[in-house]
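*Asks:* Take a look at the letters that make up each chain.
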Amino acid sequence: MSTAPAALATNDPVLLGFAEEVGTDGPVAVAGRRTRWTTGGTLAPDTRVIAAPSGIVEHLPDEMTVTVRAGTTVADLHAELAAAGQRTALPDRGGTVGGALAVGENDLRALGRERVRTALLQVRYVSAEGRIVTSGGPTVKNVSGFDLPRLMVGSLGTLGLLGEVILRTNPIPPVSRWYAAAGAHPRAVLETLLAPSAVLTNGETVWVELEGHAPDVDAEAARLASIGSFAEVAGPPELPVHRWSLTPAEVLSLHDTGHVIGASDFVAVAGLGLVFSHEPQPPRSVDPGVAIIAERLKQNFDPTGRLNPGRMAGGTA
Amino acid sequence: MYRYAKLKNRVTRTLGIDAAEVESDPFVAELVDALSPDRVKQDGAHRALLSHDASVFDGGNSGPVVFPETTEEVAAVTRAAATHGRNVVPRGAGTGLAGGAIPLGVPVVVAVTRMNEIHEIDTDNGIAWVGPGVVNLDLTKHLAPIGYHFAPDPSSQQVCTIGGNVANNSGGPHCLAYGVTNAHIVAMEVVLPSGDVVMLGGLDAEPAGYDLRGAFVGSEGTLGITTKIAVRITKNRPEVRTLLLSFESVTDAANTVSGIIAAGIVPAALEVMDQRITVAVENYVNAGYPRDAAAVLLAEVDGLADGVDLDADRIAEIGRANGATAVKLAGSDTERALLWKGRKTAFGAIAQLAPDYYLHDTVVPRSKLAEVLTKTYEIADRYDLTIMNVFHAGDGNLHPLILFDARDEGVLEKVHAAGGEIITASLDAGGVLSGEHGIGVEKQKFMDRMFSSDDLDHQNRLRQAFDPGCRTNPGKVIPTGHSCADIQSLRSVPKEVWA
Chain S
1 MSTAPAALAT NDPVLLGFAE EVGTDGPVAV AGRRTRWTTG GTLAPDTRVI
51 AAPSGIVEHL PDEMTVTVRA GTTVADLHAE LAAAGQRTAL PDRGGTVGGA
101 LAVGENDLRA LGRERVRTAL LQVRYVSAEG RIVTSGGPTV KNVSGFDLPR
151 LMVGSLGTLG LLGEVILRTN PIPPVSRWYA AAGAHPRAVL ETLLAPSAVL
201 TNGETVWVEL EGHAPDVDAE AARLASIGSF AEVAGPPELP VHRWSLTPAE
251 VLSLHDTGHV IGASDFVAVA GLGLVFSHEP QPPRSVDPGV AIIAERLKQN
301 FDPTGRLNPG RMAGGTA
Chain X
1 MYRYAKLKNR VTRTLGIDAA EVESDPFVAE LVDALSPDRV KQDGAHRALL
51 SHDASVFDGG NSGPVVFPET TEEVAAVTRA AATHGRNVVP RGAGTGLAGG
101 AIPLGVPVVV AVTRMNEIHE IDTDNGIAWV GPGVVNLDLT KHLAPIGYHF
151 APDPSSQQVC TIGGNVANNS GGPHCLAYGV TNAHIVAMEV VLPSGDVVML
201 GGLDAEPAGY DLRGAFVGSE GTLGITTKIA VRITKNRPEV RTLLLSFESV
251 TDAANTVSGI IAAGIVPAAL EVMDQRITVA VENYVNAGYP RDAAAVLLAE
301 VDGLADGVDL DADRIAEIGR ANGATAVKLA GSDTERALLW KGRKTAFGAI
351 AQLAPDYYLH DTVVPRSKLA EVLTKTYEIA DRYDLTIMNV FHAGDGNLHP
401 LILFDARDEG VLEKVHAAGG EIITASLDAG GVLSGEHGIG VEKQKFMDRM
451 FSSDDLDHQN RLRQAFDPGC RTNPGKVIPT GHSCADIQSL RSVPKEVWA
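Chains as they are written, first to last, in the numbering used here: chain S, 1 to 317; chain X, 1 to 499.
Read the hints as simulated data drawn from the structure, not as lab findings. Keep in mind that this is a model prediction, so the values were computed, not measured. Note that CB positions come from ideal geometry on N, CA and C, so glycine has one too. Watch out, some of these pointers could steer you wrong.
[As the list claims (entries may be wrong)] To list a few chain X residues with every Cβ distance to chain S over 12 Å, as calculated:
no., residue
1, G85
2, N116
3, K141
4, V197
5, D211
6, I260
7, V327
[What the hints assert, rightly or not] Computed footprint of chain S on chain X; a stretch qualifies when at least three of its residues, placed anywhere within it, have a C-beta under 8 Å from a C-beta of chain S:
no., segment
8, 72-80
9, 99-105
10, 232-238
[Said to hold, decoys possible] A partial selection of chain S residues facing chain X, derived with a Cβ cut-off under 7 Å:
no., residue
11, V140
12, G154
13, L246
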């Protein structure tokens with residue numbers, strides 16, 4: 001077992017306590033608010049379920065960063081950041097910071113808020129050996145060493161259990177408005193507008209979120225009016241619970257054909273490829289060569305398979 | 001002069017190899033079979049040239065150099081290397097500044113510069129499929145007629161390749177608002193060290209499985225070789241405002257940068273140059289920068305007309321509140337282009353002052369910019385070296401530039417010692433080792449200043465999942481003792497291998 005230099009080993013009692021709770025043997029998983037609990041498979045029986053620490057450690061608006069414990073709810077985080085005029089790329093759909101990152105869930109407004117996979121600057125997780133591992137860095141730009149934060153996003157806690165993260169924050173634009181129109185086409189919206197924050201379709205109606213300075217939003221709204229009978233609405237439609245991942249081109253064709261493979265109805269995010277449906281997406285296959293690397297990663301990071309047993313990040317070969 | 005002399009020595013030395021021995025090398029014969037004789041170079045000149053990159057680091061020792069044109073050829077080269085137990089080093093334009101492309105362990109150098117085709121523009125998916133040898137700026141020029149561009153814009157964008165951008169997770173002035181390369185790479189076809197061809201990432205919103213794409217970007221050529229890349233393309237903004245603010249101190253400029261971000265404005269770019277480099281730039285391209293300002297801030301906002309005017313006015317206000325002595329708005333596209341020409345040719349402008357320079361790259365919190373900049377000047381003074389600062393201030397990415405003449409005895413030691421102190425000052429301020437140049441061989445010895453043994457051990461576990469034999473660009477990033485390959489042994493020529 002390697003030993004961290006004293007100067008670098010975290011002395012944070014909260015993280016040390018979390019590492020102690022994770023321990024060094026036996027199957028273990030972290031539960032947040034269980035809003036995405038079945039994603040990636042069913043947890044093996046007899047798995048010890050623990051909670052990650054919670055709380056906002058430090059928000060630095062001038063640096064556009066926030067240090068937050070993984071067990072903090074996204075709602076609490078965003079409420080605190082909003083008081084300083086900022087937000088993150090994490091989705092406002094309930095659950096915890098760690099849960100959203102472990103699943104790798106984008107907000108439906110990712111076009112305007114960046115993808116969740118690039119918002120994570122630094123991660124502190126507890127390894128299968130019960131050690132605290134840090135990767136990435138506290139600054140908004142960093143290419144120091146291998147990029148484990150990217151690997152952790154969407155890994156469903158199968159490589160390490162998230163304890164604390166540093167996220168990039170972004171200013172909340174002065175104005176944010178939703179518009180909707182029946183009969184419009186999302187491709188026309190994407191081609192006409194410069195940078196909408198969201199373009200949604202259910203095959204019949206198109207919803208658009210515009211953000212920015214008021215005169216810019218007015219100008220974009222005027223352009224919208226030139227391609228459909230858009231009217232301001234309170235917000236996006238109610239979203240079905242299951243998330244599908246398609247390509248942006250598939251979403252455009254989905255709008256034309258009006259159906260999702262195997263799903264009855266949907267709200268799809270144009271320009272991104274996310275689709276919300278009442279039906280779960282069938283398991284997706286991955287490239288066999290990719291599956292081999294994934295198996296090696298799991299073996300290298302968690303040789304005894306004790307982290308989130310029963311869950312697999314993504315599809316199978 | 002310095003570089004030329006080294007190169008000449010190496011050519012002379014390398015030309016001394018026994019040609020018959022080279023020709024009898026079954027590995028080289030297999031490479032020739034896989035490609036064609038004209039695209040497998042084993043002469044001393046090629047091997048000497050590709051033993052270096054744009055860094056100041058020596059010690060590379062290239063084996064045969066190959067110029068594949070297809071994925072199948074890269075796979076064949078990689079399989080042959082695996083069969084013969086030889087190392088592989090991928091290479092783009094060789095513009096890296098951290099020694100990441102220096103070949104260690106007499107590897108076959110896979111130069112992807114002929115894989116320079118723009119395969120497809122797919123606006124429905126918001127991407128372009130490109131070969132790894134496509135030059136960064138060429139893609140943006142290609143996209144211009146349809147109103148798009150490739151957002152990462154490193155200073156070397158006129159020559160650097162997108163494959164190299166992927167390897168280094170490259171940045172550039174406009175990454176402040178648009179993000180570094182990782183945010184713009186959607187999927188990649190990759191030849192693994194085994195020779196297998198895989199697709200990492202995907203065009204869909206949340207590709208299945210671990211984010212191997214994200215882990216690959218910035219891995220400095222140690223995890224495999226990209227052969228085809230889906231890059232995100234970005235719509236050109238219709239309106240751009242570029243402001244030039246002059247200050248009586250670098251501290252005032254740095255405080256203005258913090259003030260702009262604190263005001264909730266994320267400009268497209270925020271670049272600072274100190275007086276020394278500004279004067280050099282003016283002498284070089286006469287771009288319109290003031291020679292008498294202690295520092296200048298180039299601030300650019302883009303978007304729709306009303307919004308950019310509001311942001312530009314606010315930036316001017318914040319600048320004046322922080323002591324700006326002059327605020328000038330570029331009055332035309334020509335004036336704007338000239339200001340950027342000055343900024344992007346800053347490193348070329350140095351040639352008039354000294355024959356050699358060492359460009360550093362660290363990142364500090366924005367609030368510590370002024371403090372760390374002051375320290376860089378103090379460090380240079382102590383070592384009797386000339387230092388200049390030109391940097392991506394918006395994201396705290398410092399680029400201290402130490403000028404020297406390598407013919408001066410002992411100067412390189414001083415340059416490296418001063419550089420080490422700058423890195424230490426950045427880390428002490430809560431910063432990181434590198435913002436965009438990477439670790440390569442340059443900062444390996446500093447990795448344990450930023451990461452614990454456990455941290456480095458986990459980085460190595462990622463490396464080994466892709467490359468269990470540690471044969472792809474060995475001896476880089478992770479320091480000896482943590483890495484699966486021992487650097488010292490890579491400095492010498494392995495037994496049974498010609499060199």
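*Asks:* All hints, please: hold or fail.
*Replies:* Comparing the hints with the structure gives:
no. : hint    : in the structure
1   : G85     : holds (20 Å)
2   : N116    : holds (24 Å)
3   : K141    : holds (21 Å)
4   : V197    : violated (7 Å)
5   : D211    : violated (5 Å)
6   : I260    : violated (10 Å)
7   : V327    : holds (20 Å)
8   : 72-80   : violated (count 0)
9   : 99-105  : violated (count 0)
10  : 232-238 : holds (count 3)
11  : V140    : holds (5 Å)
12  : G154    : holds (6 Å)
13  : L246    : holds (5 Å)
Of the hints listed earlier, those the structure fails to meet are numbers 4, 5, 6, 8 and 9, in rising order.
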